[in-house]
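Since chain A is already given, all that's left is putting chain B on it; use the hints.
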Amino acid sequence: MRRLLKIFRRKVVVPKPVLDEGLPFKERYLYFKKLLSANNTVLEIMADMEEKLSGEYIFDMNYIRTSCSKLVDSVQNIIVNLDKLSKGKYPNLYFAFAKINSKIEATLTNKTDIPVTDFTIPFDSVTKEMVNSVGGKNANLGEIKNKIGLPVPEGFCISAYAFKRFIEFNELKNKIILNSVDIVDMEGLNRISREAQDLIMNSQIPPDIENSILNAFSELSRKISGRASSPTASVRSSAIHEDAQFTFAGQYKTALNVNTDNVIEQYKRVISSLFSPRAIFYYKSKGFEEDDMVMAVGVVEMIDAKASGVMYSRDPTDAEKNDIIINAVWGLGKYAVDGTVSPNVYIVSRDEPRTILEKTTPVQEVMLKCNPKEDVVEVEVPEEIRATSCLTDDQIKFLADYALVLEKHYDIPQDIEWALDENNNFFILQTRLLRILKEKPVKNIQAITSGYKILINKGQIACKGVGAGKVFFVKKEEDLEKFPEGAVLVAKQTSPKFVKVMNKTSAIVADVGGLTGHMASLAREYNVPTLLGTEIAMKTLEAGKEITVDAINGNIYEGRIEELIKAGKRENPFKDTAVFKVLRALLNNIVPLKLIDPEDEKFSPDYCETFHDITRFAHEVAMREMFQVADSPNIRKRETVKIEVKIPLEIYVIDLDGGIKSTSKKITPDQILSIPMNALLRGMMAMEWPGPPPLSVKGFFGVIASTTMQPHSERLLWEPSFAIISKEYMNFNIRLGYHIQTVEAFAGDNINDNYVRFLFKGGGASIDRRARRTRLIKEILELTDFDVKRTGDVLDARVTKYDKVTILKKLGLLARLTAYTKQLDMTLFNDAMVDWYIKEFVNKYYTEDWE
Amino acid sequence: MDKGLKMTEIKKLLIPLTDYPHMPYWATLEEAIVLLNFAHESGYHTVLVFDEFYKLLGMLDWREILGAIDPKFKELSPDEVSSKWSDIINSESSNQFKKPIKDFMSPFDITVDASDDILKVSYLLLQHNIDIIPVKESEKVLGVVRMHDIFHEITGFILQSKK
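Line order of the protein sequences matches chains A and B.
Residue numbering for the first sequence follows this note's numbering, starting at -1 and increasing by one per position.
Residue numbering for the second sequence follows this note's numbering, starting at 1176 and increasing by one per position.
Certain hints may be false.
According to the in silico footprint, chain A covers these stretches of chain B (three or more CB under 8 angstroms from chain A) [what the hints assert, rightly or not]:
| no. | stretch |
| --- | --- |
| 1 | 1222 to 1231 |
| 2 | 1278 to 1284 |
Here are the simulated BS3-like cross-link-like pairs (lysine-lysine), alpha carbons at most 27 angstroms apart as the crow flies [as the list claims (entries may be wrong)]:
| no. | chain 1 | residue 1 | chain 2 | residue 2 |
| --- | --- | --- | --- | --- |
| 3 | A | Lys592 | B | Lys1186 |
| 4 | B | Lys1273 | A | Lys644 |
| 5 | A | Lys644 | B | Lys1277 |
| 6 | B | Lys1315 | B | Lys1249 |
| 7 | A | Lys406 | A | Lys367 |
| 8 | A | Lys600 | B | Lys1230 |
For the record, the hints were derived by calculation from the structure and aren't laboratory data.
Remember, it's a predicted structure, so these values are computed and weren't measured experimentally.
By construction, the Cβ of each residue, glycine as well, lies at the ideal position given by its N, Cα and C atoms.
Next comes chain A alone, as it looks inside the complex (with noise of 0.2 angstroms):
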């Protein structure tokens, strides 16, 4: 990353004119070369970081700061080959790209300060403001505490600071390196995970820290001695971005019932949890960085519970609800957000009186406890109280009270875990903001009733949506890493593991679990719709079997029901993300392009606000330098010859060596020697042209009246096309319409120097019907053994080490491909459109003899 940043602080030196008369046209054309090489690098990358942008890819900061740093190399290639192309006659390109990198430069440095603090902090001195010293979590506990004045356990927190610390202590900055890690290839995060935490276990606490960690704990125990006989904690996360903006839910390591004996050993697991393979993945796709990773932990007083749960003081699902809901377990809170029980769902009215609208009370068989010395156990339910309410209707509407006050406080609903202890006093274990689906998440679309098999229609709802795939069980974590692009998740019990394949997976179905559970509320985040307490999900269905999962009116249908999957369909998940603002944020900054017209006073660097303004602007004199057909008193025209030819392209070539058998400055395509042009040139002769014909250019950049302010520059459309050429060779620059397009070719007797690439990018219809296009061009190339990269509107295709007629052949049906796809972007209004069209051409001009 450092290498990174050095990239961007890079000094821009603006070079001086050379005076010096013309180069040589051979080191011109170099330059040019190199010129035209980063433009395609440009092009490439910002179609790449558009095409993330809508929303059906996953990706982190690493991805968005190695493709800045892949663009503001290239950008600066151009604008140097462009400096020496042109001797030097630009230098204000310079400043209009430092202007920029400067932009994308802020953007990419958002830091998270770690304020000095003592190491330790008790909750009395705690504030919600502290968020930076004692991480989201203990801020929340602090505030609830000192400010609002309900009950909270007692307790400390082990600041960010100490970790900083700790990490300086050990040296493990450079040695846990998370950038080089794809988020989407499971086998390496795991693999990092696994190194980290082994680091951070292996690592020693520092002296000063540990003291301090025993000395408040003792002070804790002193404080609690009443309420317990032998006081012991729960050691808890508390990471810098936790609880505030994002979740986390459930990602990190709580250690129960931990003792003095034990609390340094919890406290490192705890820390290294920061690492596990699904909070790596969480992090980073949310577009934080390794400097984000800091951890505070909180040490609370274990209270060991009778009862506990977690509520929600508005429902998650439904932002027009006006009910509080409250789950309950008997034991500790783990299981009611773990999914092992379902747990009791207590629905309560916000309005006064608060009364309870809806109970439900399934029977629970085991519960956790505390055990007398250290850690938890699981221990059954006395028979007794197993089918009963953990909670008796007063203290159902004395908690929800406790939801619209920190509601209120906080003036944003809330997700809250509590407890009640067995003297029956509650206590908030900790409150955080609770994400809401923005309006209605989905139509409410009506069920399906006749037609088709129902094969479940029980069930909570999580996450509001409609999903179809293949069944997919998740038995154990492993079953994780096998898991299809688009399958159902199903599975006994909900876990929070399963965020590693959200972005993967169309629904979620479990047999246990409730919408409180951790991973309800990451499901809700990454919005996959989600079914939950289905009951008999896992003896039902059958894996690979296709489903529909309607988790809008609560069914599960045998098969694909397209009409609900597109009622259902469901808002970009990832579009609200840190990482998507960030990149958003930068794309203004490098796609918009506003230098359209070469012939308006303002084509000039000093209005160049993006890299695409830069990259045309370059791009655009770069050709006028390199064919000398610049508008200005100093040209030279003797190198650039016009073919009079009737297709409606105008087309300038310079001749390398043996391309052409004439001097005169205009010649017919007879004339033409150089082997590939010939061959494209006779292709696109013998197609009928879409469209109309060429109007009349005067000189290169003749000015055609424009009246009236049009949507599209009438220039632009009739732009001249240039082609490099010798006997062999080609590089032709078409100017058809509204994209770009290059068509590369050597065709000689040597196999293995023979090849043909051919570069497309752009158009003048939205970005959709150019990327249909795109896709048209693909499909077609790949008949004939093209090998073919495309990312939106922008196609790379190349064929190479063919004989030279097979060459020539090629360029025969690249020929009639430019001619057919001329404008055809407009039309394309759906794929089926496309498919239509790629019959049409392999119908009509694709056979391999075709001349």
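Just chain B now, with coordinates in the frame of chain A:
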């Protein structure tokens, strides 16, 4: 009518050009037919016709297309019609299919501005007896609004205010 409805900008009902079928004027009748068949599911039955600069020239709907398949069809007497339709598909039409849509389209005389309100637009739709109307902002065509959607907006409003 009530002020609330008058103030509704037409933008709210706009179908963006990106989502609406459109073609350049040199596209053939056959291509337009194919397009409208694929667009059928979306409920669109008009093709907007543009020139190479994305300037709006006209439109082509079902009516014009069926008329175009055999230009003489419209001139038949009612008695001739039933026996004629199958012949049309075989002979005359294949030539017609290859012709550019500019030969069949009807021009757009009226457009509305994105800031215009629903009432003005519904007035124009009724006055000119048309089903869709292009919406512009400066010189740019943003998309179209349909009688279909206007009808629902207005009648929905009426029903609401009666309650």
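Against the structure, the hints come out as follows:
Counting residues of the stretch 1222 to 1231 of chain B whose beta-carbon sits less than 8 angstroms from any beta-carbon of chain A gives 6, enough to reach three: the coverage restraint holds. With 0 residues having a beta carbon nearer than 8 angstroms to a beta carbon of chain A, the stretch 1278 to 1284 of chain B misses the requirement of three or more and the stated coverage is violated. Between lysine 592/A and lysine 1186/B the alpha-carbon distance is near 25 angstroms, which keeps this suggested pair within the 27 angstroms criterion. In summary, the hint linking lysine 1273/B to lysine 644/A is supported, as the alpha carbons are separated by about 22 angstroms, within the 27 angstroms threshold.
With a CA separation close to 23 angstroms, the supplied pair lysine 644/A and lysine 1277/B stays within the 27 angstroms bound. Our distance criterion of 27 angstroms between C-alpha atoms is broken by lysine 1315/B and lysine 1249/B, whose separation comes to about 36 angstroms. Only pairs whose Cα atoms come within 27 angstroms are accepted, and lysine 406/A paired with lysine 367/A is rejected, the gap being roughly 33 angstroms. A distance of roughly 24 angstroms separates the Cα atoms of lysine 600/A and lysine 1230/B; the hinted pair therefore holds under the 27 angstroms criterion.
Consistency note: the structure conflicts with the earlier hints numbered 2, 6, 7.
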